[in-house]
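If you count by the working numbering, then the sequence shown holds residues 2 to 186, one letter each, in order.
These are computed hints drawn from the structure, not numbers from a lab. No experiment lies behind these values; they were computed from the predicted model shown. It cannot be assumed that every hint is accurate.
To be verified - DEER-style ranges, computed between Cβ atoms:
id : residue 1 : residue 2 : range
1  : Ser88     : Gln135    : 43 to 49 Å
2  : Glu85     : Asp36     : 17 to 23 Å
3  : Asn129    : Gly13     : 32 to 38 Å
As the list claims (entries may be wrong) - When the alpha-carbon atoms are kept at most 16 Å apart in a straight line, the in silico EDC-like pairs for lysine to aspartate or glutamate are as follows:
id : residue 1 : residue 2
4  : Lys92     : Asp136
5  : Lys92     : Asp106
6  : Lys92     : Asp72
7  : Lys92     : Asp148
8  : Lys92     : Glu167
Note that beta-carbon positions come from the ideal geometry of N, C-alpha and C, so glycine has one too.
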Amino acid sequence: MDNQISFSLFRGFHDAPVSIFKRGAWALANGSRLDVAIIGQSHRIISQSGREVLTEFIACGPEQLVGDSIDQTPLQPGATHENEFTSAGFKYHYRIEVVNQLYIDMDAYRAALPTDAALQCISHGFENPSQNSQDAPFTGIAIDVRDNRFFTIHTYPENGFSILSETRISSRNPAHMAESASLIS
2 MDNQISFSLF RGFHDAPVSI FKRGAWALAN GSRLDVAIIG QSHRIISQSG
52 REVLTEFIAC GPEQLVGDSI DQTPLQPGAT HENEFTSAGF KYHYRIEVVN
102 QLYIDMDAYR AALPTDAALQ CISHGFENPS QNSQDAPFTG IAIDVRDNRF
152 FTIHTYPENG FSILSETRIS SRNPAHMAES ASLIS
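I would like the entire structure built from these sequences, with the hints used as guidance.
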């Protein structure tokens with residue numbers, strides 16, 4: 002692999018220029034809002050609770066994203082990265098694993114997730130860049146609105162690994178949670 006894959010978390014909206022392949026917006030049960038985008042074999046997820054905003058990327062590029070990051074970690078095969086960010090508006094817990102397992106498509110990945118919830122998903126497949134694998138790479142995002150969490154997958158069949166993540170968001174603003182509950186019902 003020519004470029005480094007990294008996880009990055011920023012406070013606020015990070016305005017890195019991106020080409021968006023697929024996009025969706027959701028309101029979680031706790032009132033947090035998500036704006037998710039598949040940007041090539043990468044993703045950008047903007048989470049908002051009240052006035053507080055976080056921007057998450059798992060991105061492949063020649064260099065890391067610049068800016069005032071809360072967390073920026075290179076992702077290598079076999080790595081696991083788990084962390085939590087807590088602020089006035091958020092408790093944002095995330096776990097990322099780089100595994101030597103490939104999923105053939107988003108349906109296969111969804112079937113392997115540890116939830117019975119009705120997940121809302123977006124995914125995008127790409128041309129296989131290598132002759133070494135029959136599988137085509139894809140990026141997918143699955144939202145569990147009721148349980149306030151999302152899952153992501155990035156497959157790299159040409160390198161024999163996938164990057165999997167799970168993020169759980171807790172809103173720490175009780176007034177915002179009550180307002181949001183009325184929006185969802």
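Consistency of the hints with the structure:
Judged by the Cβ atoms, the range 43 to 49 Å given for Ser88 and Gln135 holds: they are separated by roughly 45 Å. For Glu85 and Asp36, the Cβ-Cβ distance of about 21 Å falls inside the hinted range of 17 to 23 Å, so the restraint holds. As the Cβ distance of Asn129 to Gly13 is approximately 36 Å, the hint placing it in 32 to 38 Å holds. For a cut-off of 16 Å, the pair hint linking Lys92 to Asp136 is broken: about 36 Å separates their Cα positions.
Only pairs whose Cα atoms come within 16 Å are accepted, and Lys92 paired with Asp106 is rejected, the gap being roughly 31 Å. Pair hint Lys92 plus Asp72 holds up; C-alpha atoms about 14 Å apart against a cutoff of 16 Å. Simply put, Lys92 and Asp148 have alpha-carbon atoms about 14 Å apart, close enough for the 16 Å limit, and the pair holds. Between Lys92 and Glu167 the CA atoms are separated by roughly 14 Å; this keeps the pair inside 16 Å, and the hint holds.
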